[in-house]
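Peer 1: Line by line, the protein sequences are chains A and B.
Residues 1257 to 1611, numbered by our numbering, are exactly what the first sequence covers, in order.
Residues 1257 to 1611, numbered by our numbering, are exactly what the second sequence covers, in order.
It should be emphasised that the hints constitute simulated quantities derived from the structure, not laboratory data.
C-beta: ideal position from N, C-alpha, C; glycine also.
Treat each hint with caution, since some may be false.
Residues from chain A shown here face chain B by an in silico Cβ test under 7 Å; the list is partial [as the list claims (entries may be wrong)]:
no.	residue
1	1336
2	1485
3	1539
4	1551
5	1559
Just the calculated beta-carbon pair ranges, DEER-fashion [unchecked claim]:
no.	chain 1	residue 1	chain 2	residue 2	range
6	B	1556	A	1606	34 to 40 Å
7	A	1472	B	1316	50 to 56 Å
8	A	1536	B	1536	25 to 31 Å
9	A	1536	B	1582	42 to 48 Å
10	B	1560	A	1313	31 to 37 Å
11	B	1519	A	1429	27 to 33 Å
12	A	1543	B	1540	41 to 47 Å
To give a feel for the contact side, a few chain B residues facing chain A, derived at Cβ under 10 Å [unchecked claim]:
no.	residue
13	1340
14	1426
15	1436
16	1437
17	1441
18	1463
19	1466
20	1486
21	1498
22	1522
23	1569
Number of protein chains: 2
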Amino acid sequence: MSSADILRAPARATSSLIADAFVASDLPHADAARCADLMTEADLTGADGHGIFRLPQYVRRLKAGGFNKRPAIAVSRTAPATALVDGDNGMGHLVMSRAAAEAIAMARDTGIAWVGVRRSNHAGPAGLYAEMPAAHGMVGLYAAVANANHMATWGGAELLLGTNPLAIGVPTGDRPLVFDMATSIVAYGTVKKYALRGLTMPEGWFVDAKSGAPITDPNKSGAGLLLPMGEYKGSGLALMIGLIAGVLNGAAFGRDVVDFNADDDSATNTGHCIAAIDIARFLPLQTFTAEVDRHVRHLRASRLLPPADAIRLPGDRRAACRDERLREGVPIPTPLLAQLDRLAAELKITPLRER
Amino acid sequence: MSSADILRAPARATSSLIADAFVASDLPHADAARCADLMTEADLTGADGHGIFRLPQYVRRLKAGGFNKRPAIAVSRTAPATALVDGDNGMGHLVMSRAAAEAIAMARDTGIAWVGVRRSNHAGPAGLYAEMPAAHGMVGLYAAVANANHMATWGGAELLLGTNPLAIGVPTGDRPLVFDMATSIVAYGTVKKYALRGLTMPEGWFVDAKSGAPITDPNKSGAGLLLPMGEYKGSGLALMIGLIAGVLNGAAFGRDVVDFNADDDSATNTGHCIAAIDIARFLPLQTFTAEVDRHVRHLRASRLLPPADAIRLPGDRRAACRDERLREGVPIPTPLLAQLDRLAAELKITPLRER
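This is chain A alone, in the form it adopts within the complex (with noise of 0.2 Å):
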């Protein structure tokens, strides 16, 4: 698909069209609001299975009754150092917003905190999350039971495990250093947009699981197994990540959770975790982001291997993607445009391109 069938739409309007979807569809206008601005910054970052693609689906579900439109969000501090949320089903933003101020509001008094999330949803990118302590001067740490198994243990044939994300914020002189990684060899979401604009996948994506054999056609993506990063560190660190943000919580993993792809009205109890780590209990914060800017110039100014073009440190690549898309605006592939109106005409809303 040539770049020509892409509309580019700004960040106000897609961030308005979500937010109106939401309140049309009897989320309170807060919470829309909240979700707006969480999924437009995931489209601003380049983490484009995650934003405005996701609101048709969301809409589904909130009108299935798959998602809990007044989630009475419990906070229960379990100790002086963690908590545990109780997300009532809500959407998943809103819960994962809760959990994250949580953690850095105790973190303060504590040094370190960690909250540990259940009966939540989908929250969209990692790096959303890990990126909120970062933003007051503490190191972020995000995991998450992603909602649905697209892949295999190692060894195996059964979809039991999900692309499990990890994601990492340090902050710096800067902008915050955001680590945010999937623990299969691309994140689903990268596939979805595949099929959406009709590309082919290379191979070492995904393997059938009867054969073993690589599968290209990401429409044909439902029949195989999504590979994990690294052989089997990936399948491993995606087992650990399923019983620490999902297990240790009282969430789903394993067998237990709901392909929200397949499902808009049974619940996910979708898992999370995050940790703060207030940097000024070991080092005062100023000393630590001028250590980090020097370490990172001497990476940047390292010499090149070849064939490579450039140093690409953790961020980079939503930092750039998100001021390109500040001032050229969101792309909208021509397929994800024809839902968003039909959407908007079924909402009685107004259409993304008269925003």
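Since the structure of chain A is provided, determine the placement of chain B on it from the hints.
Peer 2: Then chain B, alone, in the frame of chain A:
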């Protein structure tokens, strides 16, 4: 090299040789025994680059003044749930054992504890320390800055990143699950083992720093770059671990790392971090371990993906290796045996084969 060229030594023999060598090198008896225990555990669990293999190098460093033989390891509680340990340049095993014990003790009170470490040294395989909280009904998280830079940042050709490992330990109803991953495609210890055994490395492990061409001779690895796990993912994670386990604690990272394979007398200012999360603050420990066991059963019962002949979960290999080596002994390749014999003669202690 055939297996006939590899001696199998009982673990009590390797352990007593290590302890005697350290005592002969003027380490206090209790410290020598502690290091010997942990190095033997590394040997038993298959971390061959971290056990008795390191003894000649450690003894050299002890002689050269590279380690402080009488360190005053200082623990500062910097907040209710955080501590900073200054290892006073003692043996890494001693410093990290102390840090792990502190993390476990603090987490009993606060639910989670995070202990940063500076002025430590090489402490063996990451899994050793992640497993310690698991033995107390806690989740263990451990990371460290490696003691030499064998990797470049993604796109770069300069050795600015270590194989900075991440390990996670989780209790089950049986043996803990222990995930232990270098952020490089293989641990550097594995490369040393290949060199010692005269084996050729597969392509994809090392590349030439100028041309990017593959290097397969482990003895030529000094001229090359060890590749990260999962391309930019391993590189990014190695950086983030370096910031959290190194810079945050005032320990070495990047250009400041001392290559302890090439230097016997400079203090390395090695950084580590360890966290312990008390499971009982989230749900009853027995509920957790029963749930973990249930999920592990599902994973193990998974249909196999051709051509795999087994499901591999984190810690399986090390557990099987431990059982086998307790029965059959620790493998000592002939070149290592010759080194150990010279060392025993030099230190006037009983050689390995007479133990």
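Peer 1: All the hints need checking, so say for each whether the structure fits it.
Peer 2: Do the hints match the structure? See the list:
Look at residue 1336 (chain A): its Cβ gets to within about 5 Å of chain B, closer than 7 Å, so that hint holds up. Evaluation of the residue 1485 (chain A) hint against chain B yields a held restraint, the C-beta minimum of about 4 Å falling below 7 Å. At its closest, the beta carbon of residue 1539 (chain A) sits 6 Å from a beta carbon of chain B; the interface hint therefore holds under the 7 Å criterion. Against a cut-off of 7 Å between C-beta atoms, the interface hint on residue 1551 (chain A) holds, since the closest Cβ of chain B lies about 4 Å away.
The restraint placing residue 1559 (chain A) at the interface with chain B holds, with a minimum CB-CB distance near 5 Å, inside the 7 Å limit. Between residue 1556 (chain B) and residue 1606 (chain A) the Cβ separation comes to about 54 Å, which falls outside the hinted range of 34 to 40 Å. Range check, residue 1472 (chain A) to residue 1316 (chain B): Cβ separation about 53 Å, and the 50 to 56 Å hint holds. Separated by about 29 Å at the C-beta atoms, residue 1536 (chain A) and residue 1536 (chain B) satisfy the suggested range of 25 to 31 Å.
Roughly 47 Å separates the CB atoms of residue 1536 (chain A) and residue 1582 (chain B), a value that falls within the hinted 42 to 48 Å. Between residue 1560 (chain B) and residue 1313 (chain A) the beta carbon distance is about 33 Å. The supplied range of 31 to 37 Å therefore holds. Range check, residue 1519 (chain B) to residue 1429 (chain A): Cβ separation about 31 Å, and the 27 to 33 Å hint holds. For residue 1543 (chain A) and residue 1540 (chain B), the Cβ-Cβ distance of about 42 Å falls inside the hinted range of 41 to 47 Å, so the restraint holds.
The interface hint given for residue 1340 (chain B) holds, since its Cβ lies 6 Å from the closest Cβ of chain A, which is under the 10 Å cut-off. Among the interface hints, the one on residue 1426 (chain B) holds; its C-beta lies about 5 Å from the nearest C-beta in chain A, closer than the 10 Å criterion. Hint status for residue 1436 (chain B) relative to chain A: holds, with the closest Cβ pair at about 9 Å, below 10 Å. Contact between residue 1437 (chain B) and chain A, as hinted, is supported at the beta carbon level, the nearest pair being about 5 Å apart and thus within 10 Å.
Taken as an interface hint, residue 1441 (chain B) checks out: its beta carbon lies about 7 Å from the nearest beta carbon of chain A, inside 10 Å. Below 10 Å, beta-carbon pairs count as interface contacts, and residue 1463 (chain B) has one with chain A at about 7 Å; its hint therefore holds. Hint status for residue 1466 (chain B) relative to chain A: holds, with the closest Cβ pair at about 8 Å, below 10 Å. For residue 1486 (chain B), the interface hint holds, the least distance from its beta-carbon to any beta-carbon of chain A being 4 Å, beneath 10 Å.
For residue 1498 (chain B), the interface hint holds, the least distance from its beta-carbon to any beta-carbon of chain A being 8 Å, beneath 10 Å. Look at residue 1522 (chain B): its Cβ only gets to about 19 Å from chain A, farther than 10 Å, so that hint breaks. The restraint placing residue 1569 (chain B) at the interface with chain A holds, with a minimum CB-CB distance near 7 Å, inside the 10 Å limit.
Hints 6, 22 from the list above are not met by this structure, while the remaining hints are.
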